[in-house]
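Enquirer: Chain by chain, the residues run as shown.
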Amino acid sequence: MDTALSAVVGLFFAAAIYLMLSRHIIRVLLGVALFGNAVNVLIFTAGWVSSETPPIIPEGVDFLPGPTANPLPQALILTAIVISFSFFAFLLVLAYRAYQDLGTDDTDGMRIAEPKSEDLPPMGY
Amino acid sequence: MDLAAAIVTTPTAPADWLVIAPVVVPLLTGALLLTIRHHMRIHGVVALAGLALSAVCSALLLARVLAEGPIVMTMGRWLPPFGISFTADTLGALFALTASIAGIVCGLYSLHDIDMAGRRYGFYPFLMLMMAGVGGAFLTGDIFNLYVWFEVFVISSFGLLVVGDDESRIDGAVKYAILNLIATTLFLIATGYLYGVFGTLNMADLVGKITAAGPDAPMMTLATLYLVAFGMKAAAFPLNFWLPASYHTPRVVTSALFGGLLTKVGIYALLRVLVMIMPAERLVLAPLIGWAAAATMILGVVCALAQSDMRRMLGFVLISGIGVMLAGLAIGGVDGLSGAILYAIHSMLVTTALYLLAGLIGMQGGGFLLQRLSGLYDAAPMLAGAALLLAFAIAGLPPGSGLWPKVALVKASLDAGAGWLAAAILVSSLLTTIAFGRVFLLAFWRAKGEVEALEGTRRPPPLTFVALAILVLSSLAMGLYPEPFLGAARYAAAGLIEPSRYVEAVFPGGVR
Numbered sequence: 001m002d003t004a005l006s007a008v009v010g011l012f013f014a015a016a017i018y019l020m021l022s023r024h025i026i027r028v029l030l031g032v033a034l035f036g037n038a039v040n041v042l043i044f045t046a047g048w049v050s051s052e053t054p055p056i057i058p059e060g061v062d063f064l065p066g067p068t069a070n071p072l073p074q075a076l077i078l079t080a081i082v083i084s085f086s087f088f089a090f091l092l093v094l095a096y097r098a099y100q101d102l103g104t105d106d107t108d109g110m111r112i113a114e115p116k117s118e119d120l121p122p123m124g125y
Numbered sequence: 001m002d003l004a005a006a007i008v009t010t011p012t013a014p015a016d017w018l019v020i021a022p023v024v025v026p027l028l029t030g031a032l033l034l035t036i037r038h039h040m041r042i043h044g045v046v047a048l049a050g051l052a053l054s055a056v057c058s059a060l061l062l063a064r065v066l067a068e069g070p071i072v073m074t075m076g077r078w079l080p081p082f083g084i085s086f087t088a089d090t091l092g093a094l095f096a097l098t099a100s101i102a103g104i105v106c107g108l109y110s111l112h113d114i115d116m117a118g119r120r121y122g123f124y125p126f127l128m129l130m131m132a133g134v135g136g137a138f139l140t141g142d143i144f145n146l147y148v149w150f151e152v153f154v155i156s157s158f159g160l161l162v163v164g165d166d167e168s169r170i171d172g173a174v175k176y177a178i179l180n181l182i183a184t185t186l187f188l189i190a191t192g193y194l195y196g197v198f199g200t201l202n203m204a205d206l207v208g209k210i211t212a213a214g215p216d217a218p219m220m221t222l223a224t225l226y227l228v229a230f231g232m233k234a235a236a237f238p239l240n241f242w243l244p245a246s247y248h249t250p251r252v253v254t255s256a257l258f259g260g261l262l263t264k265v266g267i268y269a270l271l272r273v274l275v276m277i278m279p280a281e282r283l284v285l286a287p288l289i290g291w292a293a294a295a296t297m298i299l300g301v302v303c304a305l306a307q308s309d310m311r312r313m314l315g316f317v318l319i320s321g322i323g324v325m326l327a328g329l330a331i332g333g334v335d336g337l338s339g340a341i342l343y344a345i346h347s348m349l350v351t352t353a354l355y356l357l358a359g360l361i362g363m364q365g366g367g368f369l370l371q372r373l374s375g376l377y378d379a380a381p382m383l384a385g386a387a388l389l390l391a392f393a394i395a396g397l398p399p400g401s402g403l404w405p406k407v408a409l410v411k412a413s414l415d416a417g418a419g420w421l422a423a424a425i426l427v428s429s430l431l432t433t434i435a436f437g438r439v440f441l442l443a444f445w446r447a448k449g450e451v452e453a454l455e456g457t458r459r460p461p462p463l464t465f466v467a468l469a470i471l472v473l474s475s476l477a478m479g480l481y482p483e484p485f486l487g488a489a490r491y492a493a494a495g496l497i498e499p500s501r502y503v504e505a506v507f508p509g510g511v512r
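Protein chains in written order, with my numbering: chain A, 1 to 125; chain B, 1 to 512.
If you're looking for bench data, these hints aren't it; they were derived computationally from the structure. Do not rely on the hints blindly, as some may be mistaken.
To be verified - Okay, the calculated bits of chain A under chain B, using three or more residues with CB under 8 angstroms as the criterion:
1. 41-47
2. 79-93
3. 111-122
These figures come from a predicted structure and were not determined experimentally. Ideal placement from N, C-alpha and C gives every residue a C-beta, glycine not left out.
Please build the complete structure, drawing on both the sequences and the hints.
Expert: Below you can see the structure in the form of structure tokens.
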């Protein structure tokens, strides 16, 4: 199980990085979404996939009866999912707004903040 | 069943609640601001009160930490390492206090700079949320929690960045948002691996576990991932291209906040993780960090020389300063690290001040282009005085605050046998002097009428000048009377190198 998940993580990262290298914002964003999910699977795998028993202590006992699933990676992933989801939502709106304002989703064409030809400062006066 | 074995049974002493004050106060103020969103006129004043309260709490916290050592508060009554321990040591408290001072000054300046439209977009709630995120990052003792605070201040910085409607702002925000998101995701990747290897995320716990780890632990992979992730947040070469693309686009006060605080959180995280948690790996990475530092310093200031827009020039000067701090990280030892810490404090205050200065020059001169600015020395002599002092401070000339950290770093790098690093610090300082000398020559000394003057000049409101003056005076104080600052920085550096008091504070009975 761990080996298969590790391979999935690798594939996710490869695809995400390939997409993020694109000049088009929309592909970059798809890459970012995939990147976030790759990390979630990574944390899940790093926490050792061992047992499917939920980590709940039965009534009348003070300790876990046997091997159970590790709850911490799930808590971490839940936090990470919420964060990456909200970031992705923001980025989608931002990209759409950029497309409306700048008329392109090609990063090579987005040169308003850093114009291509800008005069050098005066060398003297 | 012995409850004391599982949960915290003694409540945290009331005075120790100070540890969370620099986070809770801005957070609550931000929430309060949202509830009074129909009373935009008082937004600024309420935010300023929150910032002031948070600064007072940070100052008290620093005083307590200096007197008694690290202070810990563990959340949810879970014993560490299971509960998240907020841990304030000298480094964290020092940075939190400096950040809140920069925050107050920006709050003062914003009263004038942020108009009703900006307030309606939610400038002040975003500002408070960002301050909470920055404070949390400086004070948390849990590395996943550090990631969460990173995300808190990053997402509120997105909000601040796009306040207002201007095409260049959207353009800058796209690049800033995507590259920062990638950097924090790299941070999360490293943290996921770290958890997989050690099964803990508590920094004090990690210190012991990593020291005890065998050669099989993939420590170099982890340290390098953290270096790349935090280096990107700190804008170290070659990972700095998001900064000059975006920092000049928002309102001046937003640039000042970003320039003063956000990159320094990256530096703080590098210090915390590489020096305190992974010291052996820092030693191996030191040559790489050193070269990156030299390249960041020199290339940053060379790019600054080529800019004609003052705000873009400041972005590159800021990057150059990051190189100086990285040089301290590369040298290591109490000398190098205390130089880096002192420079970070100086840089938080002076970078904020420089952006505010650019704002005042923009008001007084009508724009930011060096080709068109002239005659400001006649028009505003006080502004010229402030500009000169700040130019001295950022270039590392006396009586500015940049002198002493640079002296410490040059000496430390010579002692460590890294003459090239000392040379890089000195050359970058010389080039910074030239860059600011030119601003002074063109904008202040050039007589009015030699170039076609810009339209729309106006006298800056007194409050904005007061904000600038606070920072100029604190920089001057640091330059003229450096002893207490140097002492605190050395104390903070010693606490990072030898974290036994930090660990002892989190685990009073020793790590179990």
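Enquirer: Hints broken by the structure, by number, lowest first?
Expert: none
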